[in-house]
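Enquirer: Chains as they are written, first to last, in numbering that gives the first Met the number 0: chain A, 0 to 159; chain X, 0 to 159.
Just so you know, the hints here were simulated from the structure itself, not pulled from any lab data.
Note that CB positions come from ideal geometry on N, CA and C, so glycine has one too.
Wrong hints could be hidden among the right ones.
Derived Cβ-Cβ restraints for the label pairs, each shown as a range [claimed, not checked]: (1) A:Lys73 x X:Phe61: 30 to 38 Å; (2) A:Tyr15 x X:Val110: 38 to 46 Å; (3) A:Ser146 x X:Pro59: 41 to 49 Å; (4) A:Met0 x X:Ala91: 43 to 51 Å; (5) A:Glu23 x X:His102: 42 to 50 Å; (6) A:Gln76 x X:Phe61: 23 to 31 Å; (7) A:Asn93 x X:Glu1: 33 to 41 Å; (8) A:Asp107 x X:Lys152: 46 to 54 Å; (9) X:Pro59 x A:Gly108: 18 to 26 Å; (10) X:Glu1 x A:Tyr15: 45 to 53 Å; (11) X:Gly153 x A:Tyr15: 45 to 53 Å.
Far from chain A by the CB rule (all over 12 Å, computed), these chain X residues [as the list claims (entries may be wrong)]: (12) Tyr6; (13) Arg30; (14) Pro59; (15) Tyr68; (16) Glu72; (17) Ala124.
Just so you have them, the derived chain A footprint on chain X, three or more residues with Cβ under 8 Å [claimed, not checked]: (18) 20 to 29; (19) 33 to 46; (20) 90 to 100; (21) 105 to 118.
One letter stands for each residue in the lines below.
2 protein chains.
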Amino acid sequence: MEVMFRYNWMVREQWYQWCEEVAEAELLRRRTGGVGSILQTLFHVVDVEWSWVRVLQGKPDFQESFDGYSTLEKVRQLDREFRPEVESFVYAWNDSLESHPFHDPQPDGTVAVDTWGEVMRHMIAHQIHHMGQLSVWSREIGKKPVSANVIGKGLIPPNL
Amino acid sequence: MEVMFRYNWMVREQWYQWCEEVAEAELLRRRTGGVGSILQTLFHVVDVEWSWVRVLQGKPDFQESFDGYSTLEKVRQLDREFRPEVESFVYAWNDSLESHPFHDPQPDGTVAVDTWGEVMRHMIAHQIHHMGQLSVWSREIGKKPVSANVIGKGLIPPNL
Chain A
0 MEVMFRYNWM VREQWYQWCE EVAEAELLRR RTGGVGSILQ TLFHVVDVEW SWVRVLQGKP
60 DFQESFDGYS TLEKVRQLDR EFRPEVESFV YAWNDSLESH PFHDPQPDGT VAVDTWGEVM
120 RHMIAHQIHH MGQLSVWSRE IGKKPVSANV IGKGLIPPNL
Chain X
0 MEVMFRYNWM VREQWYQWCE EVAEAELLRR RTGGVGSILQ TLFHVVDVEW SWVRVLQGKP
60 DFQESFDGYS TLEKVRQLDR EFRPEVESFV YAWNDSLESH PFHDPQPDGT VAVDTWGEVM
120 RHMIAHQIHH MGQLSVWSRE IGKKPVSANV IGKGLIPPNL
């Protein structure tokens with residue numbers, strides 16, 4: 000499970016570096032699709048990852064809006080603050096948690112029963128999906144996007 | 000491993016259904032980013048998934064261009080043809096294959112050593128990344144994109 004979290008953290012760091020070379024106005028410009036801007040997308044990904052870890056642990060969620068985090072440095076700082084708790088949770092993962100029920104109250108008053116394994120995979124897919132959106136916006140401003148390759152990052156050592 | 004392949008196949012089917020309600024000219028229209036059009040993205044995802052399964056097995060790869068597959072029905076038909084071999088490979092996966100070396104010749108003449116576990120995760124992330132691109136293009140044509148949610152698809156039964 001932890002391989003894809005490490006992938007996401009590497010790719011996220013590369014997007015932060017990508018942002019360093021882009022004017023802040025471009026990072027904040029309203030765009031079509033997703034959550035609406037490049038920087039807000041990164042904020043959203045950091046927020047959602049940590050929030051799910053909190054929800055699974057039955058702890059209070061992150062409820063702040065992007066308004067207070069609308070610079071690259073503030074998003075990076077938030078990521079640094081949240082990361083240790085996410086890492087602890089991810090590195091403590093074991094297969095027995097895969098089908099652990101997650102009770103999710105629905106708007107209609109019923110309670111859906113999903114699983115922790117689904118939530119963890121949702122956290123992973125959530126970032127990848129949003130980075131796909133960034134890749135389109137990146138081309139719109141004439142800049143090469145960060146690679147989405149999983150291969151070549153040394154994530155799993157070969158058994159030689 | 001197979002959970003995210005099943006997720007991708009479900010989402011891909013939902014994108015095919017989404018395409019049914021969109022004019023073919025829109026599906027083929029040249030767009031910014033990714034591989035350039037909605038239908039070519041779906042073709043590319045089908046192509047890449049199967050090609051990696053072939054490469055890992057040491058079998059000949061798929062080398063045809065999009066030109067011969069530029070309708071929704073042709074892409075779906077290709078997907079139907081390729082799927083059984085991909086499914087067989089995915090469902091036969093076991094943890095002992097994670098760090099199995101994958102020798103990948105590089106343009107400079109060296110040979111990188113990656114792993115089968117990385118390749119499998121690359122196949123998964125590859126589709127999710129491209130579906131993120133489709134979600135932006137979907138909004139550009141004023142249509143709601145297919146949900147990227149992993150939760151709520153019944154992928155892992157809860158242990159009640």
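Enquirer: All the hints need checking, so say for each whether the structure fits it.
Expert: Hint by hint, here is what the structure shows:
1. Take Lys73 (chain A) and Phe61 (chain X): their Cβ atoms lie about 45 Å apart, and the range 30 to 38 Å is violated.
2. Checked against the hint of 38 to 46 Å, the C-beta distance between Tyr15 (chain A) and Val110 (chain X) comes to roughly 32 Å, which is inconsistent with it.
3. Between Ser146 (chain A) and Pro59 (chain X) the beta carbons are some 26 Å apart, a value that contradicts the proposed interval 41 to 49 Å.
4. Roughly 21 Å separates the CB atoms of Met0 (chain A) and Ala91 (chain X), a value that falls outside the hinted 43 to 51 Å.
5. Range check, Glu23 (chain A) to His102 (chain X): about 44 Å between beta-carbon atoms, so the 42 to 50 Å window is met.
6. A hinted range of 23 to 31 Å is violated for the C-beta pair Gln76 (chain A) and Phe61 (chain X), which are about 45 Å apart.
7. For Asn93 (chain A) and Glu1 (chain X), the hinted distance range of 33 to 41 Å is not satisfied, since their beta carbons lie about 19 Å from each other.
8. About 18 Å separates the C-beta atoms of Asp107 (chain A) and Lys152 (chain X), a value inconsistent with the hinted range of 46 to 54 Å.
9. The supplied range of 18 to 26 Å is broken by Pro59 (chain X) and Gly108 (chain A), whose beta-carbon atoms lie about 55 Å from each other.
10. A hinted range of 45 to 53 Å for the beta carbons of Glu1 (chain X) and Tyr15 (chain A) is inconsistent with their spacing of about 33 Å.
11. In this structure the hint that Gly153 (chain X) and Tyr15 (chain A) lie 45 to 53 Å apart at CB is violated, the actual value being about 36 Å.
12. Listed as outside the interface, Tyr6 (chain X) is inconsistent with that label: its C-beta sits roughly 7 Å from the nearest C-beta of chain A, within the 12 Å cut-off.
13. At roughly 8 Å, the least C-beta separation between Arg30 (chain X) and chain A is not larger than 12 Å, which violates its mark as non-interface.
14. Once the 12 Å rule is applied to beta carbons, Pro59 (chain X) is consistent with being away from chain A; the minimum gap is 20 Å.
15. With a minimum CB-CB distance of about 22 Å to chain A, Tyr68 (chain X) clears the 12 Å threshold, and the non-interface call stands.
16. For Glu72 (chain X), the condition that its CB be more than 12 Å from all CB atoms of chain A holds, with the nearest at approximately 25 Å.
17. Residue placement check: Ala124 (chain X) does not keep its beta carbon more than 12 Å from all beta carbons of chain A (closest about 5 Å).
18. With 0 residues bearing a CB less than 8 Å from a CB of chain A, the stretch 20 to 29 of chain X misses the requirement of three and the coverage assertion fails.
19. Given as covered by chain A, the stretch 33 to 46 of chain X fails the check, having 1 residues with a CB less than 8 Å from a CB of that chain where 3 are the minimum.
20. Residue count for the stretch 90 to 100 of chain X with a Cβ under 8 Å from a Cβ of chain A: 4. That meets the three needed, and the coverage hint holds.
21. By the rule of at least three residues with a Cβ nearer than 8 Å to a Cβ of chain A, the coverage given for the stretch 105 to 118 of chain X holds, with 7 such residues.
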